[in-house]
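A.B. asks: Spelled out from the first residue to the last, the chains are:
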Amino acid sequence: MEILFALAVLAGLGVVFGTVLAIAGKVFAVEEDPRLEPLTEALPGANCGGCGFSGCAAYAAAVLKGKAAPGGCPVGGAEVAKAMGEILGVAVEQPERSVALVKCSGFFDVAQKKYDYDGVADCKAAARLPGGGPNECPYGCLGFGSCVKACPFGAMRVKNGVANVDHELCVGCMKCAEACPKGLIVKVPYSADITVACSSQEKGAALRKYCDIGCLGCKICEKTCEHDAIHVIDNLARIDYTKCTSCGQCAPKCPRHLIRDARLNTEGEDPIPAPVSKYAE
Amino acid sequence: MSFFSLFSLALTAILAENFVLVKFLGICPFLGVSKKTDTAVGMGMAVVFVMGLASMVTWLVNEYFLIPLDLAYMQTVVFILVIAALVQFVELFLKKFVPALYTALGIYLPLITTNCAVLGAALINVQNGYTFIQSIAFGVFSGLGFTLAIVLFASVRERLEFAKFPKAFAGFPQALVTAGLIAMAFMGFSGLSIG
Numbered sequence: 003m004e005i006l007f008a009l010a011v012l013a014g015l016g017v018v019f020g021t022v023l024a025i026a027g028k029v030f031a032v033e034e035d036p037r038l039e040p041l042t043e044a045l046p047g048a049n050c051g052g053c054g055f056s057g058c059a060a061y062a063a064a065v066l067k068g069k070a071a072p073g074g075c076p077v078g079g080a081e082v083a084k085a086m087g088e089i090l091g092v093a094v095e096q097p098e099r100s101v102a103l104v105k106c107s108g109f110f111d112v113a114q115k116k117y118d119y120d121g122v123a124d125c126k127a128a129a130r131l132p133g134g135g136p137n138e139c140p141y142g143c144l145g146f147g148s149c150v151k152a153c154p155f156g157a158m159r160v161k162n163g164v165a166n167v168d169h170e171l172c173v174g175c176m177k178c179a180e181a182c183p184k185g186l187i188v189k190v191p192y193s194a195d196i197t198v199a200c201s202s203q204e205k206g207a208a209l210r211k212y213c214d215i216g217c218l219g220c221k222i223c224e225k226t227c228e229h230d231a232i233h234v235i236d237n238l239a240r241i242d243y244t245k246c247t248s249c250g251q252c253a254p255k256c257p258r259h260l261i262r263d264a265r266l267n268t269e270g271e272d273p274i275p276a277p278v279s280k281y282a283e
Numbered sequence: 152m153s154f155f156s157l158f159s160l161a162l163t164a165i166l167a168e169n170f171v172l173v174k175f176l177g178i179c180p181f182l183g184v185s186k187k188t189d190t191a192v193g194m195g196m197a198v199v200f201v202m203g204l205a206s207m208v209t210w211l212v213n214e215y216f217l218i219p220l221d222l223a224y225m226q227t228v229v230f231i232l233v234i235a236a237l238v239q240f241v242e243l244f245l246k247k248f249v250p251a252l253y254t255a256l257g258i259y260l261p262l263i264t265t266n267c268a269v270l271g272a273a274l275i276n277v278q279n280g281y282t283f284i285q286s287i288a289f290g291v292f293s294g295l296g297f298t299l300a301i302v303l304f305a306s307v308r309e310r311l312e313f314a315k316f317p318k319a320f321a322g323f324p325q326a327l328v329t330a331g332l333i334a335m336a337f338m339g340f341s342g343l344s345i346g
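Protein sequences appear in the order of chains A and B.
Mapping to the working numbering: the first sequence position 222 is 224, numbers consecutive.
Mapping to the working numbering: the second sequence position 22 is 173, numbers consecutive.
Possibly wrong hints are sitting among the right ones.
[To be verified] Lysine-lysine pairs mimicking BS3-like chemistry, simulated, CA-CA at most 27 Å apart: (1) A:K177 - B:K247; (2) B:K315 - A:K116; (3) A:K115 - B:K315; (4) B:K187 - A:K177; (5) B:K247 - A:K69; (6) A:K151 - B:K187; (7) A:K161 - B:K247; (8) A:K126 - B:K174.
Don't read these hints as lab results, they were simulated from the structure.
This one's a predicted model, so the numbers in the text were calculated from it and none came from an experiment.
Construct all of the structure, not just a fragment, from the sequences and the given hints.
C.D. replies: So this is what it looks like as structure tokens:
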């Protein structure tokens, strides 16, 4: 008898709690925009923050409040933009896809180190050392892969001591740029064929002493460019992608082989032609 | 209840009999939500909140429901039911009336609905024959002890991210070894008793 009593009490409790919760669910129901859920579902759910919000749900809520434009999801691209437009009943313009670019080309062989670093394997830690880390070049990539750890999409890798980006996997969320203590990672349009992967603002004569590939600021590219798209500012060639037509004239003229033309290196994994090194052991 | 006995209870619950590191309760959230210090703090606060609340409610349920019905042996089952329902209810309530608290604790609340640390606090209250006030205090202090443990652990883990570990130890084993070392450190408090 006693076991039946216990059973009845427990079952009774279950029923009571269930009812209370069901009622509470109705009474305390929070009214949400009916479009919020499908809108959040339409987003990829990567929660990368590439749209500028803390996650997909936050972005969807911001769109509904009119605080953000639909179609701003860098992960989903055109497909998600279209889906969002259908839910909201508006035509959505997809902004141009952009990707991250690591502005350093100094691998182990071409850029000198000041000393061997054997500390914490993290760029932020290494960058705090006197002189900004083990690289001779104060602007160069440290290669400890803080950006690789930060990338939610597995698009970053460190090869020969320099980080680079797989442009097919990259969605342009720029988590890597936040992680880089040297501020080497910038946003470039996905369609950009011509890139200058160097950040050094050092004068050419000084740079030559420790780096075989860095920009000397010789202005040959500037003189070659017919479209006024490349300029040397602070000893560094910079491309204005609003003007660049990807004509590819500048790349072969660069005496350092620093200016890369992505179209010329479709096969090789390494888009940078290896210069003859005087530092190799 | 004097201030002195309250202090003694706090010392016991937070240090000498820390839920995670001495009693080994609530290991699941301890290992699962301890990769970052700020999420660890959020989880800790949620545990403090739920443990305090659960201690209060389960004490009332035990005293005015189970004991009069002579069903004290059903404590474990009934407490699980009560705590689970309570947390669900609180979640709904917070979402409606205190959205700020809901966004802070919201994602952690369901995680600790049926957590053994919360149930453990409720059962220990009964076993030790605590009064109503003592039960609530014990719940809150135990939650604080949990917070202390998880925040310490998360801070260590955050730093270990950058350390070079042998491959076989990287990741979870390294976390477990760390937890063990912190637990050993807490053994130093086990002789602590007041009153």
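A.B. asks: Taking the hints in turn, state whether each one holds.
C.D. replies: Status of each hint after checking the structure:
no.	hint	in the structure
1	A:K177 - B:K247	34 Å, violated
2	B:K315 - A:K116	22 Å, holds
3	A:K115 - B:K315	21 Å, holds
4	B:K187 - A:K177	17 Å, holds
5	B:K247 - A:K69	23 Å, holds
6	A:K151 - B:K187	14 Å, holds
7	A:K161 - B:K247	51 Å, violated
8	A:K126 - B:K174	38 Å, violated
In summary, the structure is inconsistent with hints 1, 7 and 8 from the numbered list given earlier, while agreeing with the others.
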